[in-house]
Each structure stands twice: as C-alpha cells, then as structure tokens.
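Chains as they are written, first to last, in my numbering: chain A, 1 to 279; chain B, 1001 to 1279; chain C, 2001 to 2422.
Think of the hints as simulated: they come from the structure by calculation, not from any bench. Just so it is clear, CB atoms sit at the ideal spot from N, CA and C, and this is done for glycine as well. Heads up, a few of these hints could be off.
Claimed, not checked - A short, non-exhaustive set of chain C residues, derived as facing chain B with CB atoms under 8 angstroms:
(1) Pro2072
(2) Glu2079
(3) Ala2261
(4) Ala2277
(5) Gln2281
Stated by the list, open to error - Between beta-carbon pairs, the in silico distance windows are:
(6) Thr2402(C) - Ala46(A): 25 to 33 angstroms
(7) Asp2155(C) - Gly1262(B): 52 to 60 angstroms
(8) Arg1266(B) - Pro173(A): 18 to 26 angstroms
(9) Gly2030(C) - Leu1026(B): 49 to 57 angstroms
(10) Ala88(A) - Gly1166(B): 26 to 34 angstroms
Now for the letters of each chain:
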Amino acid sequence: MAFVAPGAIFMGLLIAYPLGYGLYISFFNTNLINRWDFIGLANYEAAVTSGAFLRSIGITAIYTGLVVLGTHVVGLGLALLLNRQGRAFSVFRVLLILPWLFPEVVVALLWSWILNPVYGILNHILMSLNIVSQPLVWLEESRLALMGVVGASVWTSFPLVMVLLLAGLQSIPAELYEAASIDGAGRITSFIHITLPGLAPVLVVTLILQTVWSFKHFTIVWLMTAGGPVNATNVVSISIYREAFQYFNFGQSAAYATIVFILCIIFAGFYWRFVRDGK
Amino acid sequence: MASNVGGVAFRYFSYAVLSAALVVVLLPLMWLISTAFKDDTDLFSTPPSVFPEQFTFESFLRIWTEYPFLQYFQNSIIVVLSATIIAVGFASFAGYGIARFTFPGRGAFLLFLLMTQMFPSILLLIPYYSIMQSLGLINTLLALIVTYSTFTIPLCTWMMWGFFKGIPVELDEAASIDGLGRLGAFVRIILPLGLPGLAATAIYAFIQGWNEYVFALVLTQTDDVRPVSVGIGNLVGEDRIFWNDLMAASLVALIPMLLIFGFLQRHLIAGLTGGSVKG
Amino acid sequence: MKYNRPAKLVALGLASGLLLSGCGAQADEGPVVLRVMTTATVQNPEAGVMEEIAEGFMEEHPDIEIEFLGTPMNELYSELTTMATGGNVPDVFTNTPEFFAQAADMGIVEPLDDLLDDDFIEALDPNLVEQARLDGSLQLVPHFSIPLALLYRADLFEEAGLEPPETWDEFKEVAEELTTDERYGFALVGSNDGSGGSRFLPIMRTFGAAELRQDGDTWVTEFDTDEAAKAFQLYKDLVDSGVVPPGPLQTSYSESMNYMANDTTAMTVTGSHSMGAIVDQNPDLEGTLAAVPLPIDGDNEPVSASGMLGMSVSSSSEYQEEAALWIEYVLNYESQVAWNEATGRLPARTDAAEDVVSDNPEFEGFLEAQQYVFTMPTVSYYERLQTIAAENYQAVIDGQKTAEEAAQDAADATQQLIDSNE
Chain A
1 MAFVAPGAIF
11 MGLLIAYPLG
21 YGLYISFFNT
31 NLINRWDFIG
41 LANYEAAVTS
51 GAFLRSIGIT
61 AIYTGLVVLG
71 THVVGLGLAL
81 LLNRQGRAFS
91 VFRVLLILPW
101 LFPEVVVALL
111 WSWILNPVYG
121 ILNHILMSLN
131 IVSQPLVWLE
141 ESRLALMGVV
151 GASVWTSFPL
161 VMVLLLAGLQ
171 SIPAELYEAA
181 SIDGAGRITS
191 FIHITLPGLA
201 PVLVVTLILQ
211 TVWSFKHFTI
221 VWLMTAGGPV
231 NATNVVSISI
241 YREAFQYFNF
251 GQSAAYATIV
261 FILCIIFAGF
271 YWRFVRDGK
Chain B
1001 MASNVGGVAF
1011 RYFSYAVLSA
1021 ALVVVLLPLM
1031 WLISTAFKDD
1041 TDLFSTPPSV
1051 FPEQFTFESF
1061 LRIWTEYPFL
1071 QYFQNSIIVV
1081 LSATIIAVGF
1091 ASFAGYGIAR
1101 FTFPGRGAFL
1111 LFLLMTQMFP
1121 SILLLIPYYS
1131 IMQSLGLINT
1141 LLALIVTYST
1151 FTIPLCTWMM
1161 WGFFKGIPVE
1171 LDEAASIDGL
1181 GRLGAFVRII
1191 LPLGLPGLAA
1201 TAIYAFIQGW
1211 NEYVFALVLT
1221 QTDDVRPVSV
1231 GIGNLVGEDR
1241 IFWNDLMAAS
1251 LVALIPMLLI
1261 FGFLQRHLIA
1271 GLTGGSVKG
Chain C
2001 MKYNRPAKLV
2011 ALGLASGLLL
2021 SGCGAQADEG
2031 PVVLRVMTTA
2041 TVQNPEAGVM
2051 EEIAEGFMEE
2061 HPDIEIEFLG
2071 TPMNELYSEL
2081 TTMATGGNVP
2091 DVFTNTPEFF
2101 AQAADMGIVE
2111 PLDDLLDDDF
2121 IEALDPNLVE
2131 QARLDGSLQL
2141 VPHFSIPLAL
2151 LYRADLFEEA
2161 GLEPPETWDE
2171 FKEVAEELTT
2181 DERYGFALVG
2191 SNDGSGGSRF
2201 LPIMRTFGAA
2211 ELRQDGDTWV
2221 TEFDTDEAAK
2231 AFQLYKDLVD
2241 SGVVPPGPLQ
2251 TSYSESMNYM
2261 ANDTTAMTVT
2271 GSHSMGAIVD
2281 QNPDLEGTLA
2291 AVPLPIDGDN
2301 EPVSASGMLG
2311 MSVSSSSEYQ
2321 EEAALWIEYV
2331 LNYESQVAWN
2341 EATGRLPART
2351 DAAEDVVSDN
2361 PEFEGFLEAQ
2371 QYVFTMPTVS
2381 YYERLQTIAA
2391 ENYQAVIDGQ
2401 KTAEEAAQDA
2411 ADATQQLIDS
2421 NE
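So that you can see chain A by itself, here it is in the shape it has in the complex (with noise of 0.2 angstroms):
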C-alpha cells in the first residue's frame, strides 16, 4: 500500500479532480467566468440530437477504423517479416522504428508540406511517374483529405504497434513451432494454431490503444485540416476543442467529450471482458 500510495495521490488530485471537473461542468451552460446556468441535461440532449455532432461522431469511427486498421496490417505485418534473428534485421527494426519519435507537431507539418498541392514533393513524384496527370489536391478533396490525415497517422502510429506485436511474437516458445513443424504443418497452418492464439493478449492490448488514441487524436488532424474542407476530417476532439475554444460553450463541449469517454469505456468494458474469458 505504501509503495501505491504516491502515484494515486499524485493521480487522485491531478486527474481525477479534473475528470470531476469535466462532468461537472457538463450539467450547466456556462462561460466559465460570470455565467453558470443549471441546465441538468441539456447539453447531452443537445448533443445527440445534434446532426453535426454525430456526423463527427461517425467520422471519428471511420478515422480511428482506418487507423487501427493501418496501423495493425503494416504493424503486424513487419513484426513477422521481423521475427528473426540476423544483423540486417536487426538494422530493418531500428531503422522503421524512426517516425515514432517524431513530435507531432513535426509529423502533420512534414505531412501538409510533403501533401502541398503546389510545392509539395509527393504530386511531384506521382506526375514524374505518370501516376496522376493533375496534381491532387491533398487536403482539399474530403476523401482525399481523409486519406491524407489517415496516411499521417498511421505513419507515426504503426511502429509502437509492430514493437508490441514483435516483442509478443518474440514471447512465444520457439518449441511450439517445432512441435508443430515435426507434425507436418505448413506456415499458414501454425500462423493459425500458434501465433495468433499466443499473439493474442498483445493484439488486443494494441487494439485497444489504438482504438481509444485514435477516437480522442487530436494534433495531427487539427494541424493538417482542422477538420476540413467542409467538415470532412471533423474528428471529435476538434468539435471539442472548437466548441470551448472558440464558441466559448464550455458546458457542451464537456457534454461531448464525457459521452467520448462514455463510449471508449464501453470498448474498453469488452476488451476487459474479453481479456478475462481468455484467461
């Protein structure tokens, strides 16, 4: 208990009396300063009868699909070309680690500079290559727009994901595939029966993660679009931000970002779930 005490302490006062804070505030129509009107629900029925609210809603689960989904086939996929011993490997492993460190910040600047539609490199190489006639407007199109703050996440988000998915791969015993080999099964056959199943507390931790980073992400999306053009990349946490910060409803905004957090806990509720059952 004495070893727990600091940290919860610490945390006790830090977050959850801010967390308080939040669901506090999300019951009154206020501006924080001079006007603290006692709505009840107000707000959350605002929000769910609100068509712009769950359109950022919807796209928020299209963003963070997309993301999961990138970040896990490109992860995924790396860690097991990875999982082997060699000194080129091991150079391959440092090497794709790299845009992982990279502030955010720099991230969706290099991004919308590399997406640029008149100086940017990518039109470039695309139109070098007969790939595209016209340069794209990157950012400008909604879809593109979407591919293009997908394209960055995914980017900085892949290597944390392809480490975990390695360092559970490197978890598993090398007999299992042995046993598995002497019985004649092919690659397919023990992907199947041994690495999945012995990959599986770290895949979902991952997904889990990701998901939840995802469904709140913020900087990269704000910096590259900030949630355009016309509202295509509006992911939740600009509505958020927008609705405190620059129309000064701190009560809805806290209503929209408590259901949020309402809805990753009911994802994370199912991973706990499932986490148990496949204990």
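Chain A is already provided as a structure; the job is to place chains B and C on it using the hints.
What follows is chains B and C alone, placed relative to chain A:
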C-alpha cells in the same frame, strides 16, 4: 523455421517488403532534410526540387540566432527529463505495489489507470489551467513538469506492473531473509532486475513529454519557458510559413530523441515484452 | 467562484509537496511588472519594433517593466478565454471588434473612457474609435487598422495592358488574363478560419448582402438573399475557371502570402500589412505592388473591413494607471510611425496616418478603402458567423451545395444564433 523449402524465397520476399516499408518511412525524412537545407527561393520552386539547388545552412543558423531555440531546447530538456524521472519513479513504486500486494481498491486502481486513457485530454485543459493558476505555476517549467508526469504515470505504472509481475516473488523473499527490508529488497534487488522495463518505460515517458504540444501551448506564455514543440508550431508564421526553418528546427528536435532511443533501444523490446504486453 | 474551492484544495496539497522539494518560485521585488498580451511579438518585423517601443517606454518609466506574452492571432481568443477562466487576464491585451462583445460578456474589459484623456482619444481616427465602442463605452484603444482591399501586381497589369477591376465581372476577366503557364490570377483565401471568413463577409457586402443588420431592436441576416448567393457563386466560379491555385480550401492567409511573394499569383484580397510581408519575403517585388478598393457588383457602394486591432485593459488589473501610460506611449506619434514603417499597418492616430500615406503613396489604395469600412455588428457570436460563412463557401467550392443552398443554410444557422442569444 527459415529452413523450410520456401525459406530462401521467403527471405527475399521479406527483404523486398521491408525495403518498401523503409522507403515509405525514410522518404518523408529525406524531404524534411532536403527542405531544411534549401534557401528561400529554392523552397518555392515549381516543380519542387528534390534536392536543394544549393546547400545552405541559413535555416540552421536562423533557428539559433533569430529564434530562441537554444532556450526552447533547454526548457524541453529540463521539463522532459524531470517529468520522466518523476513519472518513472512514481510508476515503479506503484507498479511494484500492485504486483506484490493485494489491498482494498487494487482492482479499482487498475481500472482507474486504464480509464485515464479514455478521457479526451482537450477538456482537461481548462481544469489544468485553473489548478496551475491557483498554484501560481502558469508560465513556469514546473507546470509542464507536473502536467507531463501526471499524464504519463498511469500507463508507466501499468507497464511497470507488468514488468514486476514477471520477476519471481522468491527473489523478494530471499532478500527479506538476507535481512533487507521491503524497501531494501525493492531498491537493491528488484529494481536492478527491472532495468530493461525501466528503460522502456522511460523511453515512453520521454517521447510523450518531448512531443506534447497542446498543453504546452496553453500553459506557457513567454519564450523563456516554451518547449521545442511549441517553438516549432510558432514557426507557422502569420505572414508566411517558414518551411525551411521549420524543417531545420524539426530535424534538430529529433536529435535528442534519436540519442535517447539509440542508448536505450536495446532495452526497449525486452522492456515492452515484460511490460504492458502481458495485459 | 463556484469551482475555486476544490482547485484551492488541490493547490494546497500540491504546494506543500512542492515546498518540500524546494521548487517554489520566489517573486522578486522591484518595478511594477505590466503583463501585456499581444500578437505583435511572435514574429519579425513586428516583434523587433514592438520591443524597441517597450524599451523606450521603460526608459521613460523606470518603475514599470513591460512583460510581453506573445500569442499568434489565431490563438488569441482561445488563450484569452482560458486566462479569463483562470482569473488571470493580463493587464493589457490585444482586442478586436470581432471579439470585444465576447470579452465584455466575460467581464474582463475595463471601460476606457475614464482611464484615458479626452485629448488623447480625440487624436485617434474617429471612425476607428466608433468601431471600438460597445453601447457607447470604449472597449479598446485602436492601435492600427489594415483595411481590406484588392492587392495586385501593378507591373503585371501594365505588361498585359490591364486596368484594375472595379466590378466583379471585370475582376473575373482580369483574373483569366493574368492566369498563364507560370502564374495564377488570384490567390483565394478559402480556408475555414478567421482569415477566410473575414474576407468573405466584406466581399458578400460588396454584393449588397450583410451577414447581420440591425433592424430596430433585433438583428436580421441577409444570408438568404440572392445577393449573398451571388457571393458564394463568385467563389465557385473563380475556382472552376482555374484562375486560383490548386487547394484554395487549404489556402489561409500565410499560404496566400507565400503565393504572392513567390510570384505564383497576381492578385489577392488582403490588408495593407501584406505589402511589407511580401516584400520582406521577396525584395525583388519592391515597388510592384498596388491596391484598389474591393470590386463591387453593379453599382453598389464599395465596402471594406477595417481589420482594426486595439488594446484593452483588464478589469481585474491592479495596474490600470500604468496600463494607460503604456497604451498612450504605444500610440504616440513616433511609435505609430515606427510601427507603420516596419509593418505596413495604418496608424490609428490621425496625424500619423496622414503623414504615412503622403510619404508612401503605395498605401493609397488601402487608405481609399478605409473610407468604405463597415461597422462590425457588436454581437458576442460574431466570430461564429465567419465560421458559418466559411463552412458554406467551402461546401459550394467542393460542389456539395449550390450557392443558393449554401446561402440558405448560412441564413438558418445565423438565425439560430440570433434566436439563442436574444
């Protein structure tokens, strides 16, 4: 496993895929580096030049002379190192406590650690601001140290918990027999064994702190306390975007990450295997 | 305030912890520290001249120390609001006609009429002072204005034998003429932010539709008129005809400046400070820039927005007298001229503004535009209107809505705001 019939072909296939991934990872980095060495006119040439027409160190000079990046770096290093030490310190005690003792509220505490990951941090901005305000810490390095340690403690605790679980309890008991107290056993025996886990946790905390942007933006107001991430963001000027300066600053901002990572990367995978992945 | 007690408890707990670790900060004795939040110190050339002004001031008043809290314009309102919620508003802060109703609503502005001499206020441009009043009380002291006009490359016009356009129809023709293999005619700021919205609304007024108009005791919107739809259609037509560089929805002010400075575009709609910004970036363009008031539709009256920025004093400041001294110093003749020379913003002081323009005829077009400045509606949600406009012109450019649909949607959203704030 590599001794299969298709082993050689598979090996080549691996190299091909890994190399392709490497290109996707490194190209943006190359574009970043290339931009950082361009002069102002080359920057906006159409079509863009892949390599600088003329290598210039102007931007690198400018970030030290025209902008206070030396100060920003000093701030970031102080803040992030302190926050990392604090977070890892609290987290190792708490992680050890959870791993070794049962106490009332242990399950709730674990759940709380996970829940902290679920709340959109944007909305914590306001309560943080008012807490820091009442403490008189607005616009101080200490505000950032406190914030960053708080944000990383939950997941760090989770990681350390996973790691300590993997160290046999018998070792604690042996230490107790040798006359070391609980604390002695922890410091002298368990912690050294936990070093790889500590390293992985520290890398995580360091990266989180070094990359954070939104809170730093709000909690700091003058250059003498701003961290690098905010300094880079501020290079998106009102009258123009200084892409070359921006990329030069980003490149320099990456260096500490690369150093830390270079020193600790060997421990990273080992640490993560023992840590968070064993949900 | 209701939420202060828990915050203080937390503070107490933390503070004791911090004292133990010996990190407590020590306030030093000495001169009064006047905290000034400004958008003028985040980049050069503004930062350089502002700091010089501060040095001059501190020499004159050794008992006052100026501490700048620099913030980019796009962060200003959110940072001020955060500070207001923490009860920590700086003594002096940048304020604008877009924001002052909101600031007054939060109770953070000290009315300035009693704090400043009448003589001092009378030396300022009466138009700007009028814009700085809310229900008759002075909310901010105008510092400078950047009237909105059409900025164009006079050299390119001359080469092509073109005259600056007076109507939007002429404008479209000119823009097409100026679009060549190397260059686009017009840098359209089509981003969804203050930069985009604050350009669209005055442009819409040149068609004869006001986003908000006072009608007796209430506000009405003219977004739902044919005139407003024409403005939306103009944006669509310009993009479709290829006179605008690719990516207008991502083109904010800084991108448009990059285009102008790098000879990628020939015209843009902007304020007088852009001249300096462009030449600073590309000195070869010195002497090639000129401006005229915004084109109009048919024979409407010309329109411009003042782009005025000013300084307010915090209602909770302990140093309001010192704050007034600072404001008077920033607005003295020498400071105003130095500020204009470095940044191209037009002084709020009448005498300084007159001298500046007679010395620098290239500002003429902007000064002409200055006469047509409209008075911004003083509603606390004015900034919201810019977002509403921006979302809708983006939808039109993107082809998701017709100009008429966009105009109607903007009208509905605006009406909702009017109703909920009544």
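Here's how the hints hold up against the structure:
| no. | hint | verdict |
| --- | --- | --- |
| 1 | Pro2072 | holds, 6 angstroms |
| 2 | Glu2079 | holds, 7 angstroms |
| 3 | Ala2261 | holds, 7 angstroms |
| 4 | Ala2277 | holds, 4 angstroms |
| 5 | Gln2281 | holds, 6 angstroms |
| 6 | Thr2402(C) - Ala46(A): 25 to 33 angstroms | holds, 29 angstroms |
| 7 | Asp2155(C) - Gly1262(B): 52 to 60 angstroms | holds, 53 angstroms |
| 8 | Arg1266(B) - Pro173(A): 18 to 26 angstroms | holds, 22 angstroms |
| 9 | Gly2030(C) - Leu1026(B): 49 to 57 angstroms | holds, 53 angstroms |
| 10 | Ala88(A) - Gly1166(B): 26 to 34 angstroms | holds, 30 angstroms |
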